[in-house]
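A.B. asks: Dock chain B against chain A, hints included.
There are 2 protein chains.
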Amino acid sequence: MTREQALEKAIEAVEYGKSRGLQVEFSAEDATRTDRPFLKRVFGEVAKAGADRIDIPDTVGYSTPEYFAEITRDAIEATKLPISVHCHNDFGLAVANSLSGIRAGAQCAHVTINGIGERAGNAALEEFVMALKCLQYDKKYETGIKSELLYETSRFVSKTVGIQVQPNKAIVGDNAFGHESGIHTHGVLSNPLTYEPISPELVGRKRWLQVGKHAGIHGMNAMLAEYGIKPTDIQSKQILDKVKNLGDQGKQVTDVELLSIASNILGEKGIKRIVQLTGFSVSTGIGTMPYAFVKLNIDGKDFIGTDYGVGPVDAALNAIQKITGQISELKIKDYGLASISGGSTALCEVTIRVEDGQGNSVSAKSIGEDIVTTSVQAVIDGINRIMLKKMLNQKKIQN
Amino acid sequence: MTREQALEKAIEAVEYGKSRGLQVEFSAEDATRTDRPFLKRVFGEVAKAGADRIDIPDTVGYSTPEYFAEITRDAIEATKLPISVHCHNDFGLAVANSLSGIRAGAQCAHVTINGIGERAGNAALEEFVMALKCLQYDKKYETGIKSELLYETSRFVSKTVGIQVQPNKAIVGDNAFGHESGIHTHGVLSNPLTYEPISPELVGRKRWLQVGKHAGIHGMNAMLAEYGIKPTDIQSKQILDKVKNLGDQGKQVTDVELLSIASNILGEKGIKRIVQLTGFSVSTGIGTMPYAFVKLNIDGKDFIGTDYGVGPVDAALNAIQKITGQISELKIKDYGLASISGGSTALCEVTIRVEDGQGNSVSAKSIGEDIVTTSVQAVIDGINRIMLKKMLNQKKIQN
Numbered sequence: 171m172t173r174e175q176a177l178e179k180a181i182e183a184v185e186y187g188k189s190r191g192l193q194v195e196f197s198a199e200d201a202t203r204t205d206r207p208f209l210k211r212v213f214g215e216v217a218k219a220g221a222d223r224i225d226i227p228d229t230v231g232y233s234t235p236e237y238f239a240e241i242t243r244d245a246i247e248a249t250k251l252p253i254s255v256h257c258h259n260d261f262g263l264a265v266a267n268s269l270s271g272i273r274a275g276a277q278c279a280h281v282t283i284n285g286i287g288e289r290a291g292n293a294a295l296e297e298f299v300m301a302l303k304c305l306q307y308d309k310k311y312e313t314g315i316k317s318e319l320l321y322e323t324s325r326f327v328s329k330t331v332g333i334q335v336q337p338n339k340a341i342v343g344d345n346a347f348g349h350e351s352g353i354h355t356h357g358v359l360s361n362p363l364t365y366e367p368i369s370p371e372l373v374g375r376k377r378w379l380q381v382g383k384h385a386g387i388h389g390m391n392a393m394l395a396e397y398g399i400k401p402t403d404i405q406s407k408q409i410l411d412k413v414k415n416l417g418d419q420g421k422q423v424t425d426v427e428l429l430s431i432a433s434n435i436l437g438e439k440g441i442k443r444i445v446q447l448t449g450f451s452v453s454t455g456i457g458t459m460p461y462a463f464v465k466l467n468i469d470g471k472d473f474i475g476t477d478y479g480v481g482p483v484d485a486a487l488n489a490i491q492k493i494t495g496q497i498s499e500l501k502i503k504d505y506g507l508a509s510i511s512g513g514s515t516a517l518c519e520v521t522i523r524v525e526d527g528q529g530n531s532v533s534a535k536s537i538g539e540d541i542v543t544t545s546v547q548a549v550i551d552g553i554n555r556i557m558l559k560k561m562l563n564q565k566k567i568q569n
Numbered sequence: 171m172t173r174e175q176a177l178e179k180a181i182e183a184v185e186y187g188k189s190r191g192l193q194v195e196f197s198a199e200d201a202t203r204t205d206r207p208f209l210k211r212v213f214g215e216v217a218k219a220g221a222d223r224i225d226i227p228d229t230v231g232y233s234t235p236e237y238f239a240e241i242t243r244d245a246i247e248a249t250k251l252p253i254s255v256h257c258h259n260d261f262g263l264a265v266a267n268s269l270s271g272i273r274a275g276a277q278c279a280h281v282t283i284n285g286i287g288e289r290a291g292n293a294a295l296e297e298f299v300m301a302l303k304c305l306q307y308d309k310k311y312e313t314g315i316k317s318e319l320l321y322e323t324s325r326f327v328s329k330t331v332g333i334q335v336q337p338n339k340a341i342v343g344d345n346a347f348g349h350e351s352g353i354h355t356h357g358v359l360s361n362p363l364t365y366e367p368i369s370p371e372l373v374g375r376k377r378w379l380q381v382g383k384h385a386g387i388h389g390m391n392a393m394l395a396e397y398g399i400k401p402t403d404i405q406s407k408q409i410l411d412k413v414k415n416l417g418d419q420g421k422q423v424t425d426v427e428l429l430s431i432a433s434n435i436l437g438e439k440g441i442k443r444i445v446q447l448t449g450f451s452v453s454t455g456i457g458t459m460p461y462a463f464v465k466l467n468i469d470g471k472d473f474i475g476t477d478y479g480v481g482p483v484d485a486a487l488n489a490i491q492k493i494t495g496q497i498s499e500l501k502i503k504d505y506g507l508a509s510i511s512g513g514s515t516a517l518c519e520v521t522i523r524v525e526d527g528q529g530n531s532v533s534a535k536s537i538g539e540d541i542v543t544t545s546v547q548a549v550i551d552g553i554n555r556i557m558l559k560k561m562l563n564q565k566k567i568q569n
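Here the protein sequences line up with chains A and B, keeping their order.
If you want the working numbering, it's the position in the first sequence, counting the first as 1, plus 170.
If you want the working numbering, it's the position in the second sequence, counting the first as 1, plus 170.
A hint or two may mislead.
What the hints assert, rightly or not - Listed next, the in silico DSS-like pairs over lysine-lysine satisfying Cα-Cα at most 25 Å (straight line):
#	chain 1	residue 1	chain 2	residue 2
1	A	Lys376	A	Lys316
2	A	Lys250	A	Lys309
3	A	Lys309	B	Lys210
4	B	Lys250	B	Lys329
5	B	Lys329	A	Lys535
6	B	Lys303	A	Lys329
7	A	Lys414	B	Lys535
8	B	Lys465	B	Lys503
9	B	Lys329	B	Lys471
10	A	Lys329	B	Lys414
11	B	Lys407	A	Lys329
12	A	Lys329	A	Lys310
13	B	Lys465	B	Lys535
14	A	Lys559	A	Lys501
15	B	Lys465	B	Lys560
16	A	Lys535	A	Lys329
17	A	Lys501	A	Lys535
18	A	Lys210	B	Lys376
19	A	Lys250	A	Lys316
20	B	Lys535	B	Lys376
21	A	Lys501	A	Lys376
These aren't lab readings, by the way, just hints derived from the structure by calculation.
Just so you know, these numbers come straight off a predicted model, no measurement behind them.
Chain A extracted, bound-state conformation (with noise of 0.2 Å):
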C-alpha cells in the first residue's frame, strides 16, 4: 500500500463511520515513528472527513518526552480536535511521555493500573496520576482520582491477574515508602519529608521503618520505643552491633529479633518467645489431600493440631489456626510468597499478617530453602509478635 492509498483508506473509514452516526477517534498506530509531516497531513486529512477525536499511539514505546510534545502539538494544530495519548513502556518512558503530551495539550491518556500491558506494558496510571497531582508544573491538573485508593486498587489487579509488582516500583510497589539506612530513618523521624516526596497515606499506604545491616540506632529506638522499651546509650550500641552482625549475615531482623537482642542486653525475662514450634509434619502428593500435623507449646503448656488444606502451606497453617483459635482470637491474614529464580534451592521469602481479635495486625517475614517449613516459621513468628505486642501494652497499662 502506498501512503496515498494509506490516507485514503483513513478518510474513507472515518466517513464510514460517520455515516453511520458513530463518534469516531482517529488512532494512527505506530505514530512515532512515522514520517513527521505525513502524520500531521494524515491527522488534518482525517479531521477534515469529519473524526471527533485523535489519537496518539506509541506502539512500541520508542518516543521520547519532546519528540511526542512535538507531534501531540502537531495534531492539535492540524486538527484541532481533542487527543488522547497511549504511550508504551518499552524504555522507561511510558509515564514521561504521557505526561509531555499532556503538557503539549492532549486531554486524554491511556494508562492502566500497575502498567500492565503487551510486553513491557503501558503507562502507569498509578505514577501518572500521582506525577500530576504532586510535581511542580507550570499548571496544575485535575484527574478526579482518589489517591487514597491507588495501593488496594493495584494489588486487587495485580492478585486478580496473577502479574507481580516488584518491590522498587513507584507508588505501589513493597518499598516504595519503606526505610531502612540510619541515616534515611533518621531523616523520615525527623520530618517524613526528608525522604519522603509525598506522604504514603495519600496513595492509601503506611510507612515502614525497618532495622538491617543499614540500620541506624534512630530507627531501631523507634522500633524499641513502640513496644515501650527505652535502652541506654550504651545498651542501643549493644543492640545495633548485633543487628547488624545479622544483617551482615544476610538475616532480616525481625521485630522479635530485635526485642529478644534487646531483653537480652537489658536483661528483662519477660520479652521472650511466648509460642514454640515443637513439632511439624506434612505431606502431599497425588490420589491424596495435603495433610499436617503441628504441636505448639504455648506459655509451657503443649497444644496439637492436625488438619488438611489446598496445599501443603494451606493444610500446615490450617492447623495452626486451629490451636490458635482454641488459645485466643489470633487469625492468619494475607500469606505472600517470593522466590528468585534460580534452581528448587533458591531461597523463598514469606510474609504473613496475623490479627487479633481486636483488629491489632502485625506482619512477619521469613527467608528459607523449604517453602514450607519456612512458610509454618513465619506464621509463627508473626503469633510471637503480636502476642508480645499484646503483652507489652497490657505491661504499658499496669505501670
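C.D. replies: Relative to the frame of chain A, chain B by itself:
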C-alpha cells in the same frame, strides 16, 4: 542553620578536601526541592572554592524532566565543571530525568541494574543505556556498555540481592519481548520491528510467542510449524477454538497442550504425552529432611525414584532427576516460583527449564494451589516437551 551558614559549610568542606589533595565532587542533596537561585549560587561558590565535579541529586524523585534540564543548565553555567545526575524513581520518572540531564549537558548519570535502590529505587541502567543507544535523539550518545549482556546481568543481580523484576519491566522483564495476542503475533512474524522497538538479541534475550486467550491463527501455526505440524485452514480454526476456550478459563496453553489438541484434531497418534506421572508423595517437617517418592510411566515402562532435598520441591525434583538421568540426559535447570499475596490458598505459578544432553532447552509453566505438586507437574510438562521436540525432530530427519 541559615542559608548563609549552609553555604559557608559547603565552601569549607570543599576547601578542606582540596587542601588534603583530594578530588572533590560536590553533591547538593535534595537539589530539586531546593530554591533554584540559591542552588545555583551554591554551585558557583563551591566551584570557586575548588570543587572538581558537581552532582545533582533528585533525592526523592520529585523533579520533572523539564525542571531537571533547567537546573542542569544552571549548574553548567555557574560552574563550567563536569556534572553528574542522580535520579530516584518515586514518580516513575528516574530514567526520563536522567536522560533530560544528559541532554542538557551532564556527562555522567548514577544508574543501577534493575533500578534497585532506596524506596522505589534509582534510574534503571538497562532502560537508560538502551534509550541513549536506540531512541532518535538529535545527537548520538555512546555509553560503551555491551548491551547483549544486560539481561544476564539483570538476572544475576535479581538473584543475588533477592529483588524480583516484574514481568512488565522494560528491557529485562519476562514479558518485554513476549507476544500473545493474534494481531501482535502476526505482525511480529511478518516483520519483528512491527511490535518490537529493538531486536531482543540486542539485550541478550529471545522473543517468545504464546498461545492463549488472545491467540491468533498465525502465531499458533508458527508454534505448530516448529514441531513440523502443518494443519489445514479448517483444522487450524478448530485447534484455535479449543486453545481460546482454555484461555478463557484462565489456563496457560503450553506447547504440549497445543500439540495434544492438534493431535486430536489431526488424528496423529504420534503426538502424545510420553512421560506420565503415575505416583507421587512428599513429606517434610521439623526434625526430618524433606523426602519424596515419584513413579513415572515412560513410553509404557514404569520407573520409580526416591530422594531427599533442601525443601519438598527440591526433594521431588531430585527424585525425578534420578529417573530421567537413567533414561536420557535430561537436566532440570532453572526453577522459578511466583505467587500473589492474598492467602495460603492463592495460586502459585511455577516456571522451569529442562535441558537435554545436546543443550536443547524448553521451559514449561504450571499454575495451581499446591506448590509442590504444581512444581512437579511443570517439570513433567517440560520433560514431555523436550522429548516431544526431540522425537519430532528425528521424524523430520527421517522424512
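A.B. asks: List in ascending order the numbers of the hints, as given earlier, that are violated by the structure.
C.D. replies: Hints 4, 6, 7, 9, 11, 12, 18 and 19 are the ones this structure does not satisfy, whereas the remaining hints hold.
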